[in-house]
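Novice: Respectively, the protein sequence lines represent chains A and B. Per the working numbering, the very first residue in the first sequence carries number 1; after that it's consecutive. Per the working numbering, the very first residue in the second sequence carries number 1; after that it's consecutive.
It is possible that part of the hints are untrue.
To be verified - Pairs of lysine-lysine, DSS-like flavour, derived with a Cα cap of 27 Å:
hint: 1; chain 1: B; residue 1: Lys78; chain 2: A; residue 2: Lys202
hint: 2; chain 1: B; residue 1: Lys222; chain 2: A; residue 2: Lys188
hint: 3; chain 1: B; residue 1: Lys78; chain 2: A; residue 2: Lys182
hint: 4; chain 1: A; residue 1: Lys182; chain 2: B; residue 2: Lys202
hint: 5; chain 1: B; residue 1: Lys182; chain 2: A; residue 2: Lys78
Just so you know, the hints here were simulated from the structure itself, not pulled from any lab data.
2 protein chains.
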Amino acid sequence: MDNLRIIEVKRSVFEENDKDAERLRKELKERGIFLLNLMSSPGSGKTTTLIKTINLLKDKLNIAVMEADIDSDTDAKKILEGTGVQTIQIHTGGMCHLDADMTRQGIRSLDLEKVDLVILENVGNLVCPAEFDTGASKNCMILSVPEGDDKPLKYPLMFSICDLVLINKTDVAPYFDFDFDKCEQYIKMRNKNAKILSICAKTGEGIDEFAMWLKEQVDIQKGGK
Amino acid sequence: MDNLRIIEVKRSVFEENDKDAERLRKELKERGIFLLNLMSSPGSGKTTTLIKTINLLKDKLNIAVMEADIDSDTDAKKILEGTGVQTIQIHTGGMCHLDADMTRQGIRSLDLEKVDLVILENVGNLVCPAEFDTGASKNCMILSVPEGDDKPLKYPLMFSICDLVLINKTDVAPYFDFDFDKCEQYIKMRNKNAKILSICAKTGEGIDEFAMWLKEQVDIQKGGK
Numbered sequence: 001m002d003n004l005r006i007i008e009v010k011r012s013v014f015e016e017n018d019k020d021a022e023r024l025r026k027e028l029k030e031r032g033i034f035l036l037n038l039m040s041s042p043g044s045g046k047t048t049t050l051i052k053t054i055n056l057l058k059d060k061l062n063i064a065v066m067e068a069d070i071d072s073d074t075d076a077k078k079i080l081e082g083t084g085v086q087t088i089q090i091h092t093g094g095m096c097h098l099d100a101d102m103t104r105q106g107i108r109s110l111d112l113e114k115v116d117l118v119i120l121e122n123v124g125n126l127v128c129p130a131e132f133d134t135g136a137s138k139n140c141m142i143l144s145v146p147e148g149d150d151k152p153l154k155y156p157l158m159f160s161i162c163d164l165v166l167i168n169k170t171d172v173a174p175y176f177d178f179d180f181d182k183c184e185q186y187i188k189m190r191n192k193n194a195k196i197l198s199i200c201a202k203t204g205e206g207i208d209e210f211a212m213w214l215k216e217q218v219d220i221q222k223g224g225k
Numbered sequence: 001m002d003n004l005r006i007i008e009v010k011r012s013v014f015e016e017n018d019k020d021a022e023r024l025r026k027e028l029k030e031r032g033i034f035l036l037n038l039m040s041s042p043g044s045g046k047t048t049t050l051i052k053t054i055n056l057l058k059d060k061l062n063i064a065v066m067e068a069d070i071d072s073d074t075d076a077k078k079i080l081e082g083t084g085v086q087t088i089q090i091h092t093g094g095m096c097h098l099d100a101d102m103t104r105q106g107i108r109s110l111d112l113e114k115v116d117l118v119i120l121e122n123v124g125n126l127v128c129p130a131e132f133d134t135g136a137s138k139n140c141m142i143l144s145v146p147e148g149d150d151k152p153l154k155y156p157l158m159f160s161i162c163d164l165v166l167i168n169k170t171d172v173a174p175y176f177d178f179d180f181d182k183c184e185q186y187i188k189m190r191n192k193n194a195k196i197l198s199i200c201a202k203t204g205e206g207i208d209e210f211a212m213w214l215k216e217q218v219d220i221q222k223g224g225k
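Let's have the full structure, built from the sequences with the hints guiding it.
Specialist: Listed below in structure tokens is the structure:
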């Protein structure tokens, strides 16, 4: 009974959140701001990926970062130290995801003058963040090799809502049973339009391709304003 | 506003769930059944750890396993093939955790005759499962080396509610910047009573210690019935 009640409440929240997310997406587009929502499991390499990517892009784009966590400010510190771009830490008060309103609260606390790209590093979680549209222009997720190639089977929604899936930590692939072809097949099963890139944030492999994709998306949105 | 509303609803559910979990814990204890709730991030090695552990214990204890996932039955199949013990797959219908009532539904579908130990492999998620008492006798979590030593800082509740933390995938420690001392210190910061064991489910290292701990807990509960 408890279970059913939770689902119903979530649904009614979803309807409002979806509308709110659409409003936020439209507002941001009108102001020329691209919002990337980056999701993954805990510890799959979001922060390291962002540092490398931002350093490739920060001369071409004015970037701001919002780090969402339940507690701690370690990731925001790392981004600030590693890139120097405007960074804030959002504490979710125990919440397992960000919705559009929480995302808006974060964005409002940024200095948006001249900002082209806001990157939201969502809470490390493959379930709940997928259920709440943040108002992002594009959704991207990281699956790291140590997590295993079967994750699209177990967490279908996350893979189905992402425009781009980054497969990270390819440097340790020899030590894990990770089948890249099988993984790609599972991802395409959930989302045939998803773009898939293999990267290694630690060594920098593939980061240029991710940066290029991101720059292109920002340009497309600006062009289509 | 959406955000606040969700938190309120969760709280009222929590109160009911806590009572329900206590009821379930008491019922199971009276029937001589120990329930272990095993949690972790996606892909940190719950299923492999369980297979190795169950094979060490299945001659001493009558074991049943409940695999919880949003979708797929890959883990239940692996457990069944790898151990031969009674196994069911619970699909959570998109839910990011199991509460006591969902756990009870799973337990009711098991043949409990002679069962000493039921192991629940919860949904791979470091946030939500920590918020819902399943009625388990003990909570255990796995943190895998590739996820990083800082997870107790970011996911405080999960570490604070676990009786045992298993640090898994120690075989790949040379390829990751994982500081075991620092990690232990962070875990103790969240929960000074947590027992910590280093294991490698792949090679079997440390699994005997985990099995011994689990057997001990089952015996203690039986003795205290």
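Novice: If a hint holds in the structure, say so; if it does not, say that too.
Specialist: How the hints compare with the structure:
Our distance criterion of 27 Å between C-alpha atoms is broken by Lys78 of chain B and Lys202 of chain A, whose separation comes to about 32 Å. Proximity of Lys222 of chain B to Lys188 of chain A is assessed by CA-CA distance (about 49 Å); at most 27 Å being required, the pair is judged violated. The straight-line distance between the Cα atoms of Lys78 of chain B and Lys182 of chain A is roughly 17 Å, inside the 27 Å bound, and the hint therefore holds. As the CA atoms of Lys182 of chain A and Lys202 of chain B are separated by approximately 21 Å, the hinted pair is consistent with the 27 Å bound.
The straight-line distance between the Cα atoms of Lys182 of chain B and Lys78 of chain A is roughly 18 Å, inside the 27 Å bound, and the hint therefore holds.
Checked against the numbered hints above, the structure violates hints 1, 2; every other hint is satisfied.
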